[in-house]
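*Asks:* Residue numbers (this note's numbering), protein chains in the order written: chain A, 581 to 912; chain B, 426 to 711; chain C, 16 to 457.
Simulated from the structure, these hints should not be mistaken for lab results. None of these values were measured; they are calculated from a predicted model. Glycine is no exception: its CB is placed at the ideal position from the N, C-alpha and C atoms. Any given hint might turn out to be false.
Said to hold, decoys possible - Derived CB-CB ranges, DEER-like:
{"no.": "1", "chain 1": "A", "residue 1": "LEU614", "chain 2": "C", "residue 2": "LYS311", "range": "49 to 57 Å"}
{"no.": "2", "chain 1": "C", "residue 1": "LYS450", "chain 2": "B", "residue 2": "GLY479", "range": "15 to 23 Å"}
{"no.": "3", "chain 1": "C", "residue 1": "HIS229", "chain 2": "A", "residue 2": "LYS795", "range": "52 to 60 Å"}
{"no.": "4", "chain 1": "C", "residue 1": "LYS450", "chain 2": "A", "residue 2": "PRO716", "range": "27 to 35 Å"}
{"no.": "5", "chain 1": "A", "residue 1": "TYR878", "chain 2": "B", "residue 2": "GLU428", "range": "35 to 43 Å"}
{"no.": "6", "chain 1": "B", "residue 1": "LYS657", "chain 2": "C", "residue 2": "ASP117", "range": "42 to 50 Å"}
{"no.": "7", "chain 1": "C", "residue 1": "SER34", "chain 2": "A", "residue 2": "TRP856", "range": "39 to 47 Å"}
{"no.": "8", "chain 1": "B", "residue 1": "GLY479", "chain 2": "C", "residue 2": "ALA79", "range": "47 to 55 Å"}
{"no.": "9", "chain 1": "A", "residue 1": "LEU614", "chain 2": "C", "residue 2": "HIS229", "range": "30 to 38 Å"}
{"no.": "10", "chain 1": "A", "residue 1": "LYS795", "chain 2": "C", "residue 2": "SER34", "range": "39 to 47 Å"}
{"no.": "11", "chain 1": "B", "residue 1": "MET585", "chain 2": "C", "residue 2": "GLY332", "range": "40 to 48 Å"}
{"no.": "12", "chain 1": "A", "residue 1": "TRP856", "chain 2": "B", "residue 2": "VAL447", "range": "35 to 43 Å"}
Claimed, not checked - Covered stretches of chain C (chain A as the covering partner; in silico rule of three or more C-beta atoms under 8 Å from a C-beta of chain A):
{"no.": "13", "region": "63 to 73"}
{"no.": "14", "region": "83 to 96"}
{"no.": "15", "region": "298 to 305"}
{"no.": "16", "region": "337 to 347"}
{"no.": "17", "region": "434 to 448"}
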Amino acid sequence: MNLLTVSGSPHVYTEESVSKIMYGVLFSLIPAALVSFYFFGLAAIMVTLTAIVSCMFFEFIIQKYLIKGPVTVFDGSAIITGALLAFIVPASLPLWMVVIGSLVSIGMAKMTFGGLGKNIFNPALVGRVFLMISFPVEMNLYPKPTSFSTQLTDIITGPTPLAVVKEGVAQGEKVSDLLPEVPEYVNLLMGNMGGSVGEISAFAILLGGIYMLIKKIITWEIPASYLGSVVILAGILWMIDPEVYVDPLFHLVTGGLMLGAIYMATDMVTSPMSRWGMIVYGIGCGFLTIVIRIFGAYPEGVAFAILIMNAFVPLINRGFKPKRFGEEVKNG
Amino acid sequence: MNEITLISVISLGSLGTIAAIVLYMVAQKFKVIEDPRIDIVADKLPGANCGGCGYAGCRALAEEIVRKESLDGMNCPPGGNEVIAEIASVLGLEATEQDPTIAVVRCSGSRENAPPKVKYEGDMTCAFAHSLFAGEGGCPNGCLGYGDCVVSCDFDAMYMEEETGLPVVKDNCVSCGACVKACPRRIIEIRKRGKKDRRIFVSCINVEKGGVARKNCKVACIGCGKCVKECKFDAIVMENNIAYIDYNKCTLCRKCPPVCPTNAIHELNFPPRKPRPETKNEPAKA
Amino acid sequence: MKTFKLGGVHPPENKLSQSATIEVLPLPETVTIPLSQHLGVPANPVVKKGDSVKAGQLIAKGEAFISANIHSSVSGTVQKIDDVTDTSGYRKKAIVIKVEGDEWEEGIDLSKDLIKDITLSPKEIVSRVNEKGIVGMGGATFPSHVKLMVPQGKTAEFLIINGVECEPYLTSDHRLMLEKAEEMLVGIQIQMRALNVEKAIIGIENNKPDAIEHLRKLLTEYPGISVEPLKVKYPQGGEKQLIKALVNREVPSGRLPIEVGCVVHNVGTSFAVYEAVQKNKPLVDRVVTVTGKGLKEPSNFLVRIGTPIANLVEAAGGMPENTGKVVNGGPMMGKSLSDINVPVTKGTSGILLFLQAETSRKPVHNCIRCGRCASICPMGLEPYLLAVLSSHNRFEDCEEEKIMDCIECGSCLYICPSGRPLLDQIRIGKNETGKLIRSRHK
Numbered sequence: 581m582n583l584l585t586v587s588g589s590p591h592v593y594t595e596e597s598v599s600k601i602m603y604g605v606l607f608s609l610i611p612a613a614l615v616s617f618y619f620f621g622l623a624a625i626m627v628t629l630t631a632i633v634s635c636m637f638f639e640f641i642i643q644k645y646l647i648k649g650p651v652t653v654f655d656g657s658a659i660i661t662g663a664l665l666a667f668i669v670p671a672s673l674p675l676w677m678v679v680i681g682s683l684v685s686i687g688m689a690k691m692t693f694g695g696l697g698k699n700i701f702n703p704a705l706v707g708r709v710f711l712m713i714s715f716p717v718e719m720n721l722y723p724k725p726t727s728f729s730t731q732l733t734d735i736i737t738g739p740t741p742l743a744v745v746k747e748g749v750a751q752g753e754k755v756s757d758l759l760p761e762v763p764e765y766v767n768l769l770m771g772n773m774g775g776s777v778g779e780i781s782a783f784a785i786l787l788g789g790i791y792m793l794i795k796k797i798i799t800w801e802i803p804a805s806y807l808g809s810v811v812i813l814a815g816i817l818w819m820i821d822p823e824v825y826v827d828p829l830f831h832l833v834t835g836g837l838m839l840g841a842i843y844m845a846t847d848m849v850t851s852p853m854s855r856w857g858m859i860v861y862g863i864g865c866g867f868l869t870i871v872i873r874i875f876g877a878y879p880e881g882v883a884f885a886i887l888i889m890n891a892f893v894p895l896i897n898r899g900f901k902p903k904r905f906g907e908e909v910k911n912g
Numbered sequence: 426m427n428e429i430t431l432i433s434v435i436s437l438g439s440l441g442t443i444a445a446i447v448l449y450m451v452a453q454k455f456k457v458i459e460d461p462r463i464d465i466v467a468d469k470l471p472g473a474n475c476g477g478c479g480y481a482g483c484r485a486l487a488e489e490i491v492r493k494e495s496l497d498g499m500n501c502p503p504g505g506n507e508v509i510a511e512i513a514s515v516l517g518l519e520a521t522e523q524d525p526t527i528a529v530v531r532c533s534g535s536r537e538n539a540p541p542k543v544k545y546e547g548d549m550t551c552a553f554a555h556s557l558f559a560g561e562g563g564c565p566n567g568c569l570g571y572g573d574c575v576v577s578c579d580f581d582a583m584y585m586e587e588e589t590g591l592p593v594v595k596d597n598c599v600s601c602g603a604c605v606k607a608c609p610r611r612i613i614e615i616r617k618r619g620k621k622d623r624r625i626f627v628s629c630i631n632v633e634k635g636g637v638a639r640k641n642c643k644v645a646c647i648g649c650g651k652c653v654k655e656c657k658f659d660a661i662v663m664e665n666n667i668a669y670i671d672y673n674k675c676t677l678c679r680k681c682p683p684v685c686p687t688n689a690i691h692e693l694n695f696p697p698r699k700p701r702p703e704t705k706n707e708p709a710k711a
Numbered sequence: 016m017k018t019f020k021l022g023g024v025h026p027p028e029n030k031l032s033q034s035a036t037i038e039v040l041p042l043p044e045t046v047t048i049p050l051s052q053h054l055g056v057p058a059n060p061v062v063k064k065g066d067s068v069k070a071g072q073l074i075a076k077g078e079a080f081i082s083a084n085i086h087s088s089v090s091g092t093v094q095k096i097d098d099v100t101d102t103s104g105y106r107k108k109a110i111v112i113k114v115e116g117d118e119w120e121e122g123i124d125l126s127k128d129l130i131k132d133i134t135l136s137p138k139e140i141v142s143r144v145n146e147k148g149i150v151g152m153g154g155a156t157f158p159s160h161v162k163l164m165v166p167q168g169k170t171a172e173f174l175i176i177n178g179v180e181c182e183p184y185l186t187s188d189h190r191l192m193l194e195k196a197e198e199m200l201v202g203i204q205i206q207m208r209a210l211n212v213e214k215a216i217i218g219i220e221n222n223k224p225d226a227i228e229h230l231r232k233l234l235t236e237y238p239g240i241s242v243e244p245l246k247v248k249y250p251q252g253g254e255k256q257l258i259k260a261l262v263n264r265e266v267p268s269g270r271l272p273i274e275v276g277c278v279v280h281n282v283g284t285s286f287a288v289y290e291a292v293q294k295n296k297p298l299v300d301r302v303v304t305v306t307g308k309g310l311k312e313p314s315n316f317l318v319r320i321g322t323p324i325a326n327l328v329e330a331a332g333g334m335p336e337n338t339g340k341v342v343n344g345g346p347m348m349g350k351s352l353s354d355i356n357v358p359v360t361k362g363t364s365g366i367l368l369f370l371q372a373e374t375s376r377k378p379v380h381n382c383i384r385c386g387r388c389a390s391i392c393p394m395g396l397e398p399y400l401l402a403v404l405s406s407h408n409r410f411e412d413c414e415e416e417k418i419m420d421c422i423e424c425g426s427c428l429y430i431c432p433s434g435r436p437l438l439d440q441i442r443i444g445k446n447e448t449g450k451l452i453r454s455r456h457k
């Protein structure tokens with residue numbers, strides 16, 4: 581006879597699980613992946629596959645032989661880290677560098693803290709920043725978009741639109757003279773520009789974001805406050821002097837902002853828990869992104885902004901508690 | 426250039442002086458005058474902060490010893506008599522010898538003796554399981570087997586035995602008492618180690634009536650009182666349907682274990698008995 | 016449509032037995048009546064072994080302020096007064112009665128006639144409710160007479176009647192509202208008189224449109240009572256959530272509903288109050304839902320208190336071979352049983368049988384800090400944090416994070432994608448924190 585089970589209430593549970601959430605995120609990345617595969621060709625596919633496979637490989641090795649604990653490679657989190665890492669490096673990056681980036685992402689940023697759920701910083705962003713500091717030349721060569729090509733070497737590269745504007749302004753040129761040098765806004769939105777593998781098409785990323793919102797994988801607070809604060813800050817600067825500061829729409833559709841706001845900043849593990857905490861965190865990310873983009877040394881500031889805000893998350897969690905029931909009583 | 430050097434030297438120097446004065450004043454204001462002997466005593470203690478002495482940690486014990494200037498009732502389970510003697514000689518006090526003690530698990534409700542009747546799911550701690558139900562074996566006083574005691578042990582002196590699902594105390598137990606507090610059912614008791622580590626104890630604390638207790642567990646004490654009659658030293662008392670052996674009165678004569686009809690009385694580290702083979706001497710059930 | 020604002024979940028409703036009419040369960044051979052079926056001090060037995068008792072006779076007296084009388088639910092002989100295994104497997108005192116015939120104590124009106132006129136004064140109502148051992152029938156089993164006495168310096172404005180039945184599967188309140196609606200409404204009027212309130216609101220979730228409509232039709236004859244449909248959301252049946260949903264008032268942390276002028280009673284309690292006051296009948300039976308996906312006939316039974324749960328399961332078609340878990344109560348807050356021979360008590364609102372395939376919890380993963388538990392907590396707490404603090408024995412911090420406000424609704428454990436035993440750990444923390452707070456007051 582089988583034994584009855586005894587456990588504490590409740591006795592029903594949602595169908596939701598960690599791997600379902602992770603594969604939901606992966607599914608939502610498909611449009612962005614397709615766009616980048618179209619513009620950057622086989623090289624993008626190779627980078628993405630390498631990153632995913634090596635992330636899974638390193639997670640497996642570490643869990644099996646270093647920690648000697650349960651192996652959770654197939655819960656999907658390593659695949660996401662790999663995919664996101666690939667999405668924020670140039671398609672022309674040598675594959676061995678991608679492998680090193682994966683090792684840093686999984687080994688340093690994730691497993692040293694105790695694996696899934698314990699890390700303070702977003703693993704993919706740590707990997708990217710590590711690569712950016714270690715291999716600045718390769719990490720700053722972005723392939724020019726073409727329609728699907730199978731070329732893997734000697735890819736023609738050029739600066740990203742953000743870099744064009746930033747360097748131009750630094751040399752005293754006017755924004756209105758610089759804008760014709762970059763693709764039109766529609767092209768920027770669709771992804772027809774130089775950039776990292778998966779960040780180019782703001783439109784495709786938005787599609788994925790809407791899917792995740794519907795599936796309740798992410799909530800609106802972080803993307804909205806992040807993008808909103810970028811628009812407002814950039815807008816204020818633009819109104820001060822449109823010839824020195826580029827308009828907010830340009831900020832929205834270029835660089836890694838969309839990918840960062842929808843996929844990186846919303847990473848559950850490294851973002852705050854309460855609604856107001858999320859909003860503060862999003863605003864912080866937006867503020868730092870604009871500060872780095874406009875006043876910093878790098879043309880792009882999303883990665884650093886999110887990593888810096890990641891460090892503040894424990895503090896935000898302490899400071900911004902959810903509204904307790906019956907705390908302030910407003911009756912009537 | 427010189428000017429800049431001068432300015433920086435003066436400004437930094439004055440900043441440093443001001444900070445030093447502030448620090449000095451704060452240090453004076455909040456100075457805690459402490460008996461220097463506390464440090465000496467604390468140095469002698471093992472520093473494990475196990476709390477076995479009944480104080481919050483080794484330093485708390487040291488403070489208490491120095492304040493009271495006596496070692497009455499103070500003991501350090503991990504350090505043992507040597508540490509207390511050492512402290513006594515440093516402070517010029519008298520030390521009382523105490524018998525060494527060890528933790529004893531008073532339950533034998535292994536998977537075989539008390540087969541599981543239900544399956545438990547959820548937080549694998551005894552604390553929660555205890556608040557939820559009587560346990561998989563059904564005994565409301567028996568070991569739940571989720572190892573809160575093992576987790577609480579700072580000395581790696583306990584482990585869960587795979588086969589039986591019961592905790593086992595290793596010989597390096599210092600009887601700090603952490604497991605006694607961790608067990609929600611108070612199954613573990615600190616008992617005298619006994620001569621040559623020999624101990625006799627009742628390995629059951631079930632207070633239910635005999636028949637009910639037996640239904641759940643083959644080796645439960647059924648409160649029959651045979652052992653009480655057998656004991657010539659008044660060392661065994663029967664209360665609430667459960668026999669208890671007073672370790673201060675017990676002479677380790679080994680008369681009681683054979684008379685127990687359910688083998689609930691355990692004897693440890695004795696040489697094997699010659700004439701009576703039916704009394705199983707369960708190994709390593711310390 | 017109204018509902019409470021903060022948090023909440025919507026588990027699948029699975030009201031399998033909602034169209035099964037209430038059937039009277041045949042008497043068992045013996046009944047086991049525990050002495051502690053209510054919150055508070057256990058009652059003291061006033062009969063002894065060998066006594067013959069009638070149905071409705073007082074057999075144990077609740078002497079403390081928060082306690083309740085217990086009456087025999089059957090006629091027969093007292094077999095023993097002894098420790099008996101209760102729902103948790105621990106042994107508690109109970110009176111075991113061998114059933115002989117079905118003879119009732121005198122003065123109890125067993126007819127089905129509806130008596131509308133209320134003749135008793137508020138004071139008499141309270142003492143009658145106390146005398147007849149009425150407790151909250153929603154599951155918390157708080158003695159009802161205590162709730163009907165408004166403490167000095169406070170006034171009750173609203174009587175709130177809980178017909179929400181937010182627990183999935185359970186339908187006993189739903190059936191009661193359909194079949195005993197008028198009795199229940201008179202019961203509400205009696206409670207209104209005892210509390211001296213003008214307004215009573217019955218909150219019903221809108222997954223029971225038939226009950227809402229049925230009651231609305233009857234309301235013309237009962238002034239002061241209104242019915243409010245509510246959006247389906249768990250745990251709407253929680254006192255504080257229901258008050259928030261119906262009159263938009265928030266009971267302050269650590270206080271009682273009377274603080275905001277509300278008193279909450281369950282529909283089952285109102286029916287029991289009617290029977291006690293108008294029919295002089297003590298609380299000796301109740302409606303119990305017996306349900307589950309593997310069960311042949313999910314049913315609602317009118318059961319005498321003390322009937323073994325096994326009898327109910329048998330009457331609903333027998334226990335399926337592959338039953339994995341038996342729950343006393345609803346799936347969200349009920350207790351799982353180790354043994355189905357334990358008796359039905361005053362707080363048993365349902366018996367729920369889960370198949371083995373439905374039983375298992377999810378495998379436990381690391382917390383991925385998704386924050387879902389915090390976003391659905393109806394008390395605005397952070398379950399992930401409380402669970403961690405509790406498992407690290409940091410009970411002072413638990414108190415700071417308002418662990419004592421937790422209503423143990425189970426939404427956090429329900430929603431957690433990592434399958435973490437959040438509520439289990441919070442319960443330990445609540446327990447220990449409570450001890451800590453009490454030790455401070457000593």
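*Asks:* Indicate, hint by hint, whether the structure satisfies it.
*Replies:* Going down the list of hints, with the structure as the test:
1. LEU614(A) / LYS311(C): 49 to 57 Å: holds, 52 Å
2. LYS450(C) / GLY479(B): 15 to 23 Å: holds, 19 Å
3. HIS229(C) / LYS795(A): 52 to 60 Å: violated, 39 Å
4. LYS450(C) / PRO716(A): 27 to 35 Å: violated, 59 Å
5. TYR878(A) / GLU428(B): 35 to 43 Å: Holds, since TYR878(A) and GLU428(B) (Cβ atoms, about 37 Å apart) stay within the stated range.
6. LYS657(B) / ASP117(C): 42 to 50 Å: violated, 60 Å
7. SER34(C) / TRP856(A): 39 to 47 Å: holds, 46 Å
8. GLY479(B) / ALA79(C): 47 to 55 Å: violated, 36 Å
9. LEU614(A) / HIS229(C): 30 to 38 Å: violated, 56 Å
10. LYS795(A) / SER34(C): 39 to 47 Å: Violated: the Cβ-Cβ distance is about 34 Å, outside 39 to 47 Å.
11. MET585(B) / GLY332(C): 40 to 48 Å: 42 Å Cβ-Cβ, so the 40 to 48 Å window holds.
12. TRP856(A) / VAL447(B): 35 to 43 Å: holds, 38 Å
13. 63 to 73: violated (count 0)
14. 83 to 96: Answer violated; 0 residues pass the 8 Å Cβ test.
15. 298 to 305: violated (count 0)
16. 337 to 347: holds (count 9)
17. 434 to 448: holds (count 5)
Checked against the numbered hints above, the structure violates hints 3, 4, 6, 8, 9, 10, 13, 14 and 15; every other hint is satisfied.
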